[in-house]
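Student: Given two chains presented individually in distinct reference frames, assemble the corresponding complex, making use of the accompanying hints.
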Amino acid sequence: MIFFWAFVIGGLICVIGQIMFDVFKLSPAHTLSILVIAGAILDGLGWYEPLIDFAGAGATVPITSFGNSLVHGAMQEADKHGLIGVVTGMFEVTSAGISAAIIFGVIGAMIFKPKG
Amino acid sequence: MGDKKKQKLQPNQQRYQAFQQKRETKRPVFKNCIKAFLIGGFICFIGQLISTFYIYQFNFTEKTAGNPTIATLIFITMLLTGFGVYDRIAQVAGAGSAVPVTGFGNAVISSAIEYRSEGFILGVGSNMLKLAGPVIVYGVFSAFVVAIIKTILTQWGGF
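Top to bottom, those sequences are chains A and B. According to the numbering used here, the residues represented by the first sequence are 1 to 116, in order. According to the numbering used here, the residues represented by the second sequence are 1001 to 1159, in order.
Bound-form chain B, shown alone (with noise of 0.2 angstroms):
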């Protein structure tokens, strides 16, 4: 919290932000990084597994394969979801189950089951992308920039 937030706050407040400070659990870092690289380097396992079989099985080459094997791993990111175990691995896994593309299926998904109550044109239709929403949007975003700067570069800088 910034110095210039705090003297706005009553003493009594700053005490207590203080207070909270010194009681707020010390999250396990070294632990927590352990666990995310090893369910995230073996949801990437599973991944090249899965891109593998694709390579040898249907011609795919190591660059396309990676697309089959996303949409692979997002189906099955939607049967755990289903039956309620991706949320038992995220609560140990952390950023291991997030990062990968499974976390992003898992935030699609879940919100997808979560608002069919309100019907599946208002519920699940517009709620869906609300927590996927922002990683595509700069995910556009930032790509349309670099895109636009390495295209200026390259064809008209002569690089």
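Same shape as in the complex, but just chain A (with noise of 0.2 angstroms):
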């Protein structure tokens, strides 16, 4: 069932960010600013999670996850060290995306030629 869940919440995720590029007419830099920092207070509100726990795959892979992941590490810091932490911790969930990102990124600029 949780397949079935994150088929839908995924596309219906992407279907708002494309009616942001259609209907407002935004850059997808400025789309994909605006899911994060949705992501993030979403999950500053403490919905974010239910929404994992229903749908799995289909609330942490798409973009506002990230924001989520953010207010997820500051938060955990935040609770050990006070205030400090948020700045500290904020790095600690998130990680994974941004490191494979940069990591892949070198490796594939290594393998493979620019085309055209």
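Treat the hints as calculated values from the structure; they're not laboratory data. All C-beta atoms, glycine included, are put in the ideal place defined by N, C-alpha and C. Please note: incorrect hints may appear among the correct ones.
Some residues of chain B that are not near chain A, with every Cβ distance over 10 angstroms (derived) [said to hold, decoys possible]:
1. Gln-1010
2. Gln-1020
3. Gln-1021
In silico PhoX-like pairs for lysine-lysine, Cα to Cα no more than 25 angstroms straight-line [unchecked claim]:
4. Lys-1035/B with Lys-25/A
5. Lys-25/A with Lys-1031/B
6. Lys-1063/B with Lys-80/A
7. Lys-25/A with Lys-1150/B
8. Lys-1008/B with Lys-1022/B
9. Lys-1063/B with Lys-1150/B
10. Lys-1150/B with Lys-80/A
11. Lys-1008/B with Lys-25/A
12. Lys-1130/B with Lys-113/A
13. Lys-25/A with Lys-1063/B
14. Lys-25/A with Lys-1130/B
15. Lys-115/A with Lys-1130/B
Tutor: This is the structure in structure tokens:
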């Protein structure tokens, strides 16, 4: 069942992005930034965790999860160390996405030649 | 276009604007949304397959499986981007391929490959995050604001 909801919720988040592209005529960079900010706010309100429980990868794969895990890392450290933890814990949970993108980016640049 | 901006234009420019607006092809919003839904949903479905694999093979929980899943998806994106397949998917899918983390990975990896000709430090290193930069910057900043507010409310406000 979780496969079905992953498909539906993930698809719906992409539809929201597509509506921002087509109806509000935003650039991809604007759209993605807004979605990340939305993810951060949703996690601040405590609504993103139930969505992950419900939809699994449908909620963790879209870029909104990025904002969610940034807030999560910050809050984890904040519980231990107070306000300074917000700054130091920021990348604790998110690191996978950014480090994977950078590592595979460099590897990709080594392996593949630019086209055209 | 706002009225204020319109007043500054010459009459013939205004006429051109009106003409251009009339001629602009209407975007097939509904059709694009369906495509984005199907392809975006499919990417998340694959993500779910990968995280189920991690949960059963390596004892991750539903919550901790997110990170290895994302890393795996970005690895797959590297291959698809390198062989030029991702661009073709993106032409059809629009937001369906841009919104999942694979789109983020694609933005980083494609600019890394593209700027390779300018050298590894000045080309790849400095241009890699050109497209993905805004996402990281505003993600971090908004997370900072949200976390500060939440910390103050929970730790000092006693909620």
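Student: Taking the hints in turn, state whether each one holds.
Tutor: Each hint tested on the structure:
1. Gln-1010: holds, 25 angstroms
2. Gln-1020: Given that every Cβ of chain A is farther than 10 angstroms from that of Gln-1020/B, nearest at about 14 angstroms, it holds.
3. Gln-1021: Non-interface label stands for Gln-1021/B: nearest chain A Cβ at 12 angstroms, farther than 10 angstroms.
4. Lys-1035/B with Lys-25/A: At roughly 18 angstroms apart (the allowed maximum being 25 angstroms), Lys-25/A and Lys-1035/B satisfy the hint.
5. Lys-25/A with Lys-1031/B: holds, 16 angstroms
6. Lys-1063/B with Lys-80/A: holds, 20 angstroms
7. Lys-25/A with Lys-1150/B: violated, 33 angstroms
8. Lys-1008/B with Lys-1022/B: holds, 21 angstroms
9. Lys-1063/B with Lys-1150/B: holds, 21 angstroms
10. Lys-1150/B with Lys-80/A: It holds: about 14 angstroms lies between the C-alpha atoms, which stays within 25 angstroms.
11. Lys-1008/B with Lys-25/A: holds, 23 angstroms
12. Lys-1130/B with Lys-113/A: holds, 19 angstroms
13. Lys-25/A with Lys-1063/B: violated, 34 angstroms
14. Lys-25/A with Lys-1130/B: At roughly 21 angstroms apart (the allowed maximum being 25 angstroms), Lys-1130/B and Lys-25/A satisfy the hint.
15. Lys-115/A with Lys-1130/B: OK: Lys-115/A and Lys-1130/B at ~19 angstroms, within 25 angstroms.
Checked against the numbered hints listed earlier, the structure breaks hints 7 and 13; every other hint is satisfied.
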